[in-house]
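Listed in order, the protein sequences are those of chains A and B.
So in the working numbering, spot 402 of the first sequence is number 402, and the numbers just go up one at a time.
So in the working numbering, spot 56 of the second sequence is number 56, and the numbers just go up one at a time.
In case anyone wonders, no lab produced these hints; they're calculated from the structure.
Just so you know, not all the hints are guaranteed correct.
Same chains, same label: a pair holds when it works inside one copy or across any pair of copies.
Dumping the calculated DSSO-like pairs for lysine-lysine here, alpha-carbon to alpha-carbon at most 30 Å [as the list claims (entries may be wrong)]:
#1 K250 / K2
#2 K409 / K299
#3 K299 / K194
#4 K405 / K380
#5 K51 / K7
#6 K53 / K7
#7 K409 / K373
#8 K328 / K409
#9 K51 / K299
#10 K383 / K405
#11 K383 / K194
Protein chains: 2
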Amino acid sequence: MKFQAPKGTRDYYPAEMAWRRYLEAAWRRVSLRNGFEEVEGPIFEDIELYKVKSGDEIVSQVFHVTRQDGESTFGLRPEFTPTLARMVAAKANALPKPIKWFCMPNLCRGERPQRGRLREFLQWNIDLLGLDSPAVDAEVIFTCVDLLRELGLTPEHVKVKVSHRETVRTILAKLGVPGDRMIDAFNLLDRQAKMEAEAYTKAWVELGLDSHKVERFDQMCRRTYRVGDVAHLERSIGGEAIADLEALDKQLSAFGIAEWCEYDLGIVRGLAYYTGTVFEVHEISGAERAIAGGGRYDKLIELMGGPAMPAVGFGMGDVVLSLVLGDKGLLPESVTDPVDAFVFAAEESARPMVSGLVAELRSAGLHARMTYKTTTNVGKLLKEAAQQDARFAVIVEGDSQDNGKVSVKDLASGDQSRVSLDDLPERLR
Amino acid sequence: MKFQAPKGTRDYYPAEMAWRRYLEAAWRRVSLRNGFEEVEGPIFEDIELYKVKSGDEIVSQVFHVTRQDGESTFGLRPEFTPTLARMVAAKANALPKPIKWFCMPNLCRGERPQRGRLREFLQWNIDLLGLDSPAVDAEVIFTCVDLLRELGLTPEHVKVKVSHRETVRTILAKLGVPGDRMIDAFNLLDRQAKMEAEAYTKAWVELGLDSHKVERFDQMCRRTYRVGDVAHLERSIGGEAIADLEALDKQLSAFGIAEWCEYDLGIVRGLAYYTGTVFEVHEISGAERAIAGGGRYDKLIELMGGPAMPAVGFGMGDVVLSLVLGDKGLLPESVTDPVDAFVFAAEESARPMVSGLVAELRSAGLHARMTYKTTTNVGKLLKEAAQQDARFAVIVEGDSQDNGKVSVKDLASGDQSRVSLDDLPERLR
Chain A
1 MKFQAPKGTR
11 DYYPAEMAWR
21 RYLEAAWRRV
31 SLRNGFEEVE
41 GPIFEDIELY
51 KVKSGDEIVS
61 QVFHVTRQDG
71 ESTFGLRPEF
81 TPTLARMVAA
91 KANALPKPIK
101 WFCMPNLCRG
111 ERPQRGRLRE
121 FLQWNIDLLG
131 LDSPAVDAEV
141 IFTCVDLLRE
151 LGLTPEHVKV
161 KVSHRETVRT
171 ILAKLGVPGD
181 RMIDAFNLLD
191 RQAKMEAEAY
201 TKAWVELGLD
211 SHKVERFDQM
221 CRRTYRVGDV
231 AHLERSIGGE
241 AIADLEALDK
251 QLSAFGIAEW
261 CEYDLGIVRG
271 LAYYTGTVFE
281 VHEISGAERA
291 IAGGGRYDKL
301 IELMGGPAMP
311 AVGFGMGDVV
321 LSLVLGDKGL
331 LPESVTDPVD
341 AFVFAAEESA
351 RPMVSGLVAE
361 LRSAGLHARM
371 TYKTTTNVGK
381 LLKEAAQQDA
391 RFAVIVEGDS
401 QDNGKVSVKD
411 LASGDQSRVS
421 LDDLPERLR
Chain B
1 MKFQAPKGTR
11 DYYPAEMAWR
21 RYLEAAWRRV
31 SLRNGFEEVE
41 GPIFEDIELY
51 KVKSGDEIVS
61 QVFHVTRQDG
71 ESTFGLRPEF
81 TPTLARMVAA
91 KANALPKPIK
101 WFCMPNLCRG
111 ERPQRGRLRE
121 FLQWNIDLLG
131 LDSPAVDAEV
141 IFTCVDLLRE
151 LGLTPEHVKV
161 KVSHRETVRT
171 ILAKLGVPGD
181 RMIDAFNLLD
191 RQAKMEAEAY
201 TKAWVELGLD
211 SHKVERFDQM
221 CRRTYRVGDV
231 AHLERSIGGE
241 AIADLEALDK
251 QLSAFGIAEW
261 CEYDLGIVRG
271 LAYYTGTVFE
281 VHEISGAERA
291 IAGGGRYDKL
301 IELMGGPAMP
311 AVGFGMGDVV
321 LSLVLGDKGL
331 LPESVTDPVD
341 AFVFAAEESA
351 RPMVSGLVAE
361 LRSAGLHARM
371 TYKTTTNVGK
381 LLKEAAQQDA
391 RFAVIVEGDS
401 QDNGKVSVKD
411 LASGDQSRVS
421 LDDLPERLR
């Protein structure tokens, strides 16, 4: 072949597209019933927009978009949140609050393609802006769980790992990290999985912790705590540090999703802009990358030139989710649009009627197909109708033109009867 | 504001997004009932792929996509057909024939934004491959008409202007254009609208036509001919030239769309790759750019490294279509997802129950909302329920926890009754 799809992108043939639409329909259904409205934005943005949120680091991952004449440089969107923040900032006063938006954009990142990570992927985004309370954080996490459950996943398959930046900050301050090194401490925490143990400990020592304290903090992070059981956490960390988590704890229980969630102080999310609750959804064995991740980001709208506005949200990509669903045997069988009628002529003289009849059925809203073969062999044509999973075969005969009737065969029951053309659409419905 | 959407792109706030989804739903519904299956492809492709189909000319309109390290250059897709041709070529033997695919991609072109033309837009694509007959051309045109009718347009609003490359070629050859200048002649014909009359005539003379013949050809092109009335065309052009159009004529009538179509030899479509039938949909006054355009392109799959395979298809953008629908008063009122239940507490003590109840209703598939206000004033809360167009208000009372019952108010009829929590989802459905 002369050409292939670019590395890390996908061709969606009908079967793959049906799966994509199945997933998007679930994202949409869950979004709507949770009270979110859909938005979308441009496929590329001023590249500076991405720098404002994520710093220069992100730019190395962004595909640059330029016109041939070298006009201003854009970035192919690597995430949707900067667009959302720009849109909210532009109409902040006119939009009714709270703002509850969802979106299902395709995103592009120039990273090395690998398991769970592609160069073009889909991401479901849920964002709730204008309110700041643990109840709102819990509602957003509930929406995420509602989707996981909708696709057949259970708390035995996946867990929402929850943490709170303020709780972690309080603990780190208590252990001795100075305020001006806190960002470095969060970055270190986020990089832990990619570091050698020795280098990791050494980095903490440079941030002001002795090796005993590093060990103590490490134990806290390695342990998970169940929702509704914050007493355990309190004993190991100290009461005032976990006030934020305690408030969230009550709300997660109120939304009935305690068994889906657990606290994991090792979850900090790399992005500098999170300000409070943070969470990630992981397959329970930890075998895959995060299925979803998000949290509270109360400073971003202001950063984009809008008013101060609290915000919480998450993104869920399609790639890891599909791997996990496949692994659990939860991918649906390919769903195709049911064919209402397969129309053919049983005699040569009836053939000129077929396309007009098919046209009428389609205009009446029915999914009507016809044979593209030249045969009038009824047996062969009924076989073709069955191959196409049609509900009915509509057989046009030599006298159909004169008497205005065709034969209709129910391909499930085998029943066949003559139906007048006027009654045909109703009969097929 | 610090940032704006890039020139020629659009922000879709919920109202705009609802319109986009309305249009996409119509495209999808009509595609499926006409027997087409959905496909998709990457947002960018090897830029050479676009050159193969459309020559170097297109490259000036394509946004270039590069990684920061300057790795191979991609193009942000300006059209979908090259991707489709690549996908078909890659699996040509495995795919059942005919191949009937549709797609609704966003496309990007670096042109100057103006009325009817943006830098990012949506385009419905319909393609039927593997068959070559006037009946198939007519089915594709029918599918286009089926969509126009679905959105409320009539033959009084829009017309499908049909031509045939072979017919035009035969006429031009008869008039004296040499075979090796035929491409130039088609390009000239396509540029006519943008040229001064004198320069246009002069260019024809250079292609071998005297001014009398230019005038005669011009008259043919300026005149439209009705479907089912090819005799007129025959008299003015000569029988053998219109054999292709005659065959198509029969099929357009068979599909019942004669009144939507007319022949217009001035329609050639600029793209070099069309080989037979070509057509464009225009608003009847000619005030706007083409709503849709397409035709037969029998050489493309081979050009992409696949086997020889006949193909016919069209693209319909969202921008001109929306302008025309708006002009005719056919834009629907904004459609929002109906809210099944608006849940609130009538007493402070009932408030902790609300989020759990909302969570249960949502998981049962109902669109449930709640108040984010702290009031328990029933009058105010019923007003908020009405503002959100909820079907029912669900009122949690102080004794709901104990007796397992809530009050349900039908906001249309005003009827109110107590319902047990177990029966609530069923009652709201």
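Comparing the hints with the structure gives:
1. In this homomeric assembly, K250 and K2 never come within 30 Å of each other (Cα to Cα): the closest approach is 59 Å inside a single copy and 39 Å across copies.
2. Taking CA atoms no more than 30 Å apart as the test, K409 paired with K299 passes in neither setting, with 64 Å inside one copy and 40 Å between copies.
3. Taking identical chains as interchangeable, the C-alpha atoms of K299 and K194 lie at most 30 Å apart only when both belong to the same chain, with a minimum of 28 Å there against 52 Å between chains.
4. Proximity of K405 and K380 under a CA criterion of 30 Å is satisfied intra-copy only: 22 Å inside one chain copy versus 61 Å between copies.
5. Taking the shortest Cα distances, K51 and K7 sit within 30 Å of each other both inside one copy (25 Å) and across copies (19 Å).
6. In the homo-oligomer, the alpha carbons of K53 and K7 lie at most 30 Å apart both inside one protomer (27 Å) and across protomers (21 Å), since each shortest distance falls under that limit.
7. Taking the shortest Cα distances, K409 and K373 sit within 30 Å of each other inside one copy (20 Å), while across copies they are farther apart (59 Å).
8. Taking identical chains as interchangeable, the C-alpha atoms of K328 and K409 are never at most 30 Å apart, the minima being 40 Å within one chain and 42 Å between chains.
9. Taking the shortest alpha-carbon separations for K51 and K299, only the intra-copy value of 15 Å comes in at or below 30 Å, while the best inter-copy value is 45 Å.
10. Only within a single protomer do K383 and K405 lie at most 30 Å apart by alpha-carbon distance; the minimum there is 22 Å, versus 56 Å between protomers.
11. Within a single copy, K383 and K194 get their C-alpha atoms no closer than 58 Å, and across copies no closer than 54 Å, so neither meets the 30 Å cut-off.
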